[in-house]
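J.: Sequence:
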Amino acid sequence: MHAYASSPYTLICGAFAGWVVDMVLHPLDTIKTRLQSSAGFKSSGGFSSVYAGIPSVAVGSAPSSALFFFTYEQSKQSLSKHIHNDFIVHMLSAAFGETVACFVRVPTEVFKQNLQTNPRIYLRNIFNAIINKHGFAGFYRGFGSTLCRDIPFSVIQFPLWEYFKFRMSNGKPENLYPWECAACGSVAGATAAGITTPLDVAKTRIMLSVKLGRSNYSVISTLMDIWENKGIRGLFAGCVPRVVWLSIGGFVFFGAYEFIKGFLSLTLPFSITGVESEELFRTTVSDAIAKLLFKEGIISQSPVTFDERIAEAKENGLRRKNRKSNDYFNVIFGTNKLFRFPKRIIKTDGEDDHLIFRPSIAEKRKRRMLRAPYLETNVKVETNTKHIAEQQLFKDPSGKISWRNLNVKSDILIEKIRAMRSRQRRKIANTILLEGKNLIMEAVAAGIQLQHVLFCDLKVLENMPLPDEVDKVRISTRRMNTWSLLDSPPGIMAVAKKPTYEEISKSKNSNILPLTVICDGMKDPGNVGSLIRSLAAVGCRRILAVTGCCYFWEVKVLRSASGAHFYIPVYEDISWNRILDYLPHDFFLYLADSNVKNQKNEESLLTTRFQRDTEIVLVVGSERTGLSEQALRFSEQHAGKRLHIPMTNDNRSYSNCMSKDWQVVLPKKYWNNVVEVDEFYAIELDDAKLVSSYVQAFSELWPIYSYKHLKRVRGTQPFTILLAPVVETDENKLSKAECFSDLAKLKLLKINVPKYPPLTRSQYEAAMLIWPVAFHPNKRIANLMDLSIFSNADVFNADRYMRMCIDSAKKVKGQVGVGCAIVEPKTGTVISVANNSLASENPIQHAVMCAIDLVAEFQGGKPLSRQCSGVLHAEKDQLFPDSGSCFYLCTGFDCYVTREPCAMCSMALLHSRIRRVFYGYPVNHGALGSAAMIHMLKSSNHRFDVFKGILADECLQLEVAEKTKIDNAQKKLDNYAKILDQLKSAEKSYRFSITEPMIAEILEDVVKILAKDATLLELEAPLIIVGDLRGNFHMLLHIFVKYGWPPTTRNIYGDLSHFNLRTITLISLLKIFHCDTIFLLRGNFESSVSIYLPGVSKEADDDDDDAYNFSALFSLHLQEMFHHLPLAAVIMSRIFCVHSGISPMLVDFDQIRSLQRPLNVPKIGLIVDLLNAEPKSSIQGYVFNENSNSNINNLIFGENVVKQFCNDFAINLIIRGHENVEKGYAYFAEEKMLSIFSCLNYEDNNEAAVVEIYSNLEIQINILFSVFFLL
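Note that UniProt numbering has the sequence shown beginning at 1, numbered continuously upward.
Mixed in with the good hints there might be a few duds.
What the hints assert, rightly or not - The calculated lysine-lysine pairs, modelled on DSSO-like cross-linking and capped at a C-alpha distance of 27 Å, are:
#1 K523 - K459
#2 K984 - K1008
#3 K668 - K779
#4 K750 - K708
#5 K556 - K971
#6 K1012 - K963
#7 K755 - K1012
Claimed, not checked - Restraint-style ranges between C-beta atoms, simulated for each label pair:
#8 A1226 - V960: 28 to 36 Å
#9 N792 - P467: 31 to 39 Å
#10 P467 - P667: 35 to 43 Å
#11 S476 - A903: 24 to 32 Å
No lab work stands behind these hints: they were computed from the structure. Note that the Cβ used here is the ideal one computed from N, Cα and C, for glycine as well.
Taking the hints into account, I'd like the entire structure generated from these sequences.
T.: So, in structure tokens, the structure goes:
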């Protein structure tokens, strides 16, 4: 018996093969099932949701395949003992296997095929339907048909598969490769699939019978039904996808089965009696894969085993502590021999979760600073200087300048340059580095002792009075660029001895002010240099640099100060506890701090007079964080006063603005300076000699693993030693400890200690006041918090980019504007600027999303939306060659947005690999600091820095201004609503009063709404059509009372006709409040020639109080409204509504659609015909009316024209107004045209009518009689 024929092998191999093939080929099975469904392919889902039913397949495929192969292999072994015909053995074994497997497969198939034919139905609905219809037996509907299909299929497929393997291998199937077995299975599966297709069709119909509401289907009756209805094509429906599916499936199925069988034969060697567990667990996965590849001929040499690699590792000493661990694992796992496993970064528990690790490629801008410390590290430099004198000296043609060349192998100058990169080594060597010709000449003039002068070009030494004893060394330009600490190397540098305070005092003038300046936390080299230069110019006595300031003798500070260091003493690294040692006994203390204003103890610098006998001490705070807490406490102790320095036009530096507003977005734990404490047991000890012994003993007895940040001992005599936390230790057991004989004599104390390790310098200082703690500062977090990574140029550019966002946000109307810009920071190129003006139309069109969309377009990709509310600023050639070349859209880019992005935008920024995000002000739903911190998610594979407060006031003003607009608009709508309510409840004797500004404002608003309507309205029924009203306000009220006020009804109003103030006000307000249910069409009176001033028509009611003396400007507002009215309407493409008539110039409705409003009515043409043309039964065609009294050319037309128009435009009816008809309505041209007049008793006691159109386009004409009794 083969090893792989045992039960565990067959179960595992069969489950794996079945699961793989069903997962891969499920879409083809779905298409096949829908083709076989009696409901039809499209009705069953078509090509959509081809993975429907995948959950049930995932659950049932592995068990059913495992059971089949288990039964198949066991049956072969049993039957082969009694039956000697292999073909019959394979057939019977396959039949037994399919029978057993169907107990799992059939319920799975029922669920799967119901889901495939209806992807929108839920699994629980199918379950309930089967239970309600057939009970639990319903899950095995089609069991017989499945057996009828699968048993013949397997009886054909498996013998063919075994036969093909036997013939291909010349009688030795075990020598075949897995892909050869898979090819045999593919041919066998395709053959069996084609033959058994009718049985599969019958099985599918029976399983879907629950869904189709049928029952009592058998295989034979189903086959007969299919033959009668669809013939041979119905029996073989889905044959092609079934053959393709099962041929591919056979390849995948048998290939996976043979591959996993070979793999497990190497990985999990089973004996006949069971599993050899020890060998199982001693073999690695990599060994198994390597063996399998060697067996298949993919690799030519068998790899070493796991035990061999262990032995090799031990022999080579790879377990030694001084060797790197990754070398050991490379040997152990054979990564250098066969595979390359990815390296993982293991983060210890104590590391900061929010520390962002970046690859070295992201730090390319610092490459010059990073490579300098490692230059020529393999050069062994001699300690003596005799070689310098022995080197050859060169002279210029004039003989005035002599120099030597650098000896790269043994020059001591290389060691000195290395030391310049370390602040500590510079202090020890007591040297400084001077870069630039002017700075070196200033040093010479001040008497500074130069040691070496390095230069590239000999011309730079001309006119430089350098002493002869100075060592002048010529170096290459490449080396100069490497050694220089400046971004733009000046081509000459000097190594000089740092001057002492006595040497600097000798060079000072006698005119010295009694002024001492204390620098508190100043970190910007440019600002420090400018301050030193200014103080040296006014004659300051000394500068005191408190611990935490930048190094005052670094190259950038020296360059910025322009040599002022040599004329004013600078004392560095002074703690606040020792500051009084550098000050006289009596002094006046002033604080310069831009963060605090309007204090009572504030004085002006202009009113302060310096006295020679009184020292003035001025404390200057940090550029970004202002004065520290220690400085404020020092001020309280010495009666310090805040100093107000007036500035022109209240201008402030960018650094001051940034220090007040900007802030990095970090978790609250970084900003919380309140120290949480825990109680500890402790003892006090006076004998210093016993402290070490006690600490060692206590550490063994009571280790404090959760409090590694605490130091065990505090202070001098008496020493306090921590024992253990109170919550974790019993006081009785603690007091009875016998580690030392005299422990009982010591007094047991309870003290408070910091519970958590400090994360920032301020937290460390606060914790130190309670108990000594260890502090390992995270320099990156510290730089982010004090914003020292930004220069003044960075702040200026950030303000500029944010103002671009604000300008873009101001273009948004009707909602709070948000602007966003994406910038490439290396070149300062603005790539895209966008806003959220389309957010009301598309919920994903936020400003950030639109900006990223534009970046995608810029990168050559396909944008998410066709229309984007933004502008693409940059072109591809504006960036560096490597900018934006990464797979992700925004790699290396910065994003500026006026307010905090939402979760959707934040995730888009994360997935785009944004570099940094700057936003103006936070919002409650923001995801970068308020509601969440997506930029610091532990589970994300990208993190980025976020800063808030950039132009926060101006950004917040956008929201305030928009809310003000909304409030004003709401107030205006409230006023409109009051007027509308008055007009709705008006009686006949009601005296309407309104001011001209109010009615003008109403007309302006209704014009904005009318402008959004099309010139040709295209509407859906039901509708109520009202004809000419001739300014009759009470008639309009009656129509609303009878048919309902909007939005209950939808109405079209024709000619508003001779202007009536109440009528026009009511209809305008209704259009404002219900623009989707009120529609207005233009009439022939709505033109400038028919407006009568002062504001009342001739036909207005005699008792109507509309005679207002409105100005001529009001008539312009009225004309503007009329010029924006639509010309016509089409109802459901079958009814054409127009004020008067049709025109011979109208050949297509697109002519009306293309007319741009506002429209002036000409004397001739399409517009005037639609507003003035009249029908007349006595004529044929179109004729001009020669008897017209109007100053425009009126057209008349006959019945044949109306019929031809309806036929050409596929119109059933034309509805018009314009003229007074006695009954309120009149038909024309065999009821192809209908005239409506809606003003009752206008002339000769005429009636009025309106037309009601139902949703099925049925028309009902309603006659209106006397109306005044209703009011």
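J.: Now look at each hint and say whether the structure bears it out.
T.: Here's how the hints hold up against the structure:
1. Simply put, K523 and K459 have alpha-carbon atoms about 36 Å apart, too far for the 27 Å limit, and the pair is violated.
2. Between the alpha carbons of K984 and K1008 the distance comes to roughly 24 Å, so the proposed pair stays at or under 27 Å and holds.
3. The hinted pair formed by K668 and K779 meets the criterion: a straight-line CA distance of about 18 Å does not exceed 27 Å.
4. Between K750 and K708 the CA atoms are separated by roughly 19 Å; this keeps the pair inside 27 Å, and the hint holds.
5. A threshold of 27 Å between alpha carbons decides the hint, and for K556 with K971 the separation of about 60 Å lies outside it, so the pair is violated.
6. Distance restraint check for K1012 and K963: the Cα-Cα separation of roughly 24 Å lies within the 27 Å cut-off, and the hinted pair is therefore satisfied.
7. Restraint check for K755 and K1012: not satisfied, since their Cα atoms lie roughly 65 Å apart, outside the 27 Å limit.
8. Checked against the hint of 28 to 36 Å, the pair A1226 and V960 fails, with Cβ atoms roughly 59 Å apart.
9. For the pair N792 and P467, the supplied restraint of 31 to 39 Å holds, since their beta-carbon distance comes to about 38 Å.
10. For P467 and P667, the hinted distance range of 35 to 43 Å is not satisfied, since their beta carbons lie about 58 Å from each other.
11. With their beta carbons about 55 Å apart, S476 and A903 fall outside the hinted range of 24 to 32 Å.
In this structure, the hints that do not hold are numbers 1, 5, 7, 8, 10, 11, in rising order.
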